[in-house]
Amino acid sequence: MTSQKGSNYILIGMPGAGKSTIGVLLAKALGAEFIDTDLVIQQKTGKLLKDIISEEGNERFKQIEEDVNASVEAENSVIAPGGSAIYSPRAMEHFKEIGTVIYLKLSYAAVSERLGDLADRGVVLDSGQTLYDLYHERIPLYEKYADITVDTDDLKIGEALEKVLENLI
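Heads up: the sequence shown is residues 1 to 169, going by the numbering used here.
In case anyone wonders, no lab produced these hints; they're calculated from the structure.
Just so you know, these numbers come straight off a predicted model, no measurement behind them.
Keep in mind that the hints are not guaranteed to be accurate.
[Claimed, not checked] Straight line, CA to CA, 27 Å or less: simulated DSS-like cross-link-like pairs of lysine-lysine:
no., residue 1, residue 2
1, K105, K62
2, K44, K96
3, K156, K144
4, K28, K96
5, K156, K105
6, K144, K96
7, K144, K62
8, K47, K62
9, K144, K105
10, K28, K156
11, K163, K28
12, K96, K62
13, K44, K28
14, K144, K163
15, K105, K28
16, K50, K62
17, K163, K105
18, K44, K62
19, K96, K163
20, K50, K105
Model the full structure from these sequences, guided by the hints.
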């Protein structure tokens with residue numbers, strides 16, 4: 001069973017943007033299901049994201065992530081994929097087919113302030129790549145795939161949720 005465009009909301013953005021936190025609250029507000037694809041990856045592999053990356057490498061992790069994201073079948077759901085989902089055109093086109101993609105936009109300063117050790121978060125970084133590099137590499141991709149962009153800089157979680165909901169009306 002496939003879903004109609006608009007029946008799902010997919011939250012994209014940098015690590016620390018609040019995809020999971022806002023996603024859970026958004027799902028509650030909409031009476032929808034919530035799917036965190038990072039958790040689906042962990043359930044399917046039996047490993048933490050950081051362990052998949054360290055044991056199998058970035059490219060294998062990206063392939064696993066792409067396969068999981070491209071196979072999500074949902075209706076009336078809020079979906080929070082990992083921040084690197086946007087590297088997969090196949091996964092992102094699938095998300096655009098099954099729902100509305102919402103980019104939770106944060107400034108580099110806000111992302112930098114929110115994040116701790118990137119390795120502990122299971123973030124894919126190429127050798128020598130910094131958070132600054134990663135941020136500037138991903139921003140054009142988030143903007144490319146977004147149906148709606150919500151600037152959440154300087155907003156508390158409740159305020160960010162309200163701003164997302166305003167954009168859905």
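These are the hints, each one checked on the structure:
no., hint, verdict
1, K105 with K62, "22 Å, holds"
2, K44 with K96, "23 Å, holds"
3, K156 with K144, "26 Å, holds"
4, K28 with K96, "22 Å, holds"
5, K156 with K105, "14 Å, holds"
6, K144 with K96, "11 Å, holds"
7, K144 with K62, "19 Å, holds"
8, K47 with K62, "15 Å, holds"
9, K144 with K105, "13 Å, holds"
10, K28 with K156, "17 Å, holds"
11, K163 with K28, "15 Å, holds"
12, K96 with K62, "19 Å, holds"
13, K44 with K28, "25 Å, holds"
14, K144 with K163, "21 Å, holds"
15, K105 with K28, "21 Å, holds"
16, K50 with K62, "12 Å, holds"
17, K163 with K105, "12 Å, holds"
18, K44 with K62, "14 Å, holds"
19, K96 with K163, "21 Å, holds"
20, K50 with K105, "24 Å, holds"
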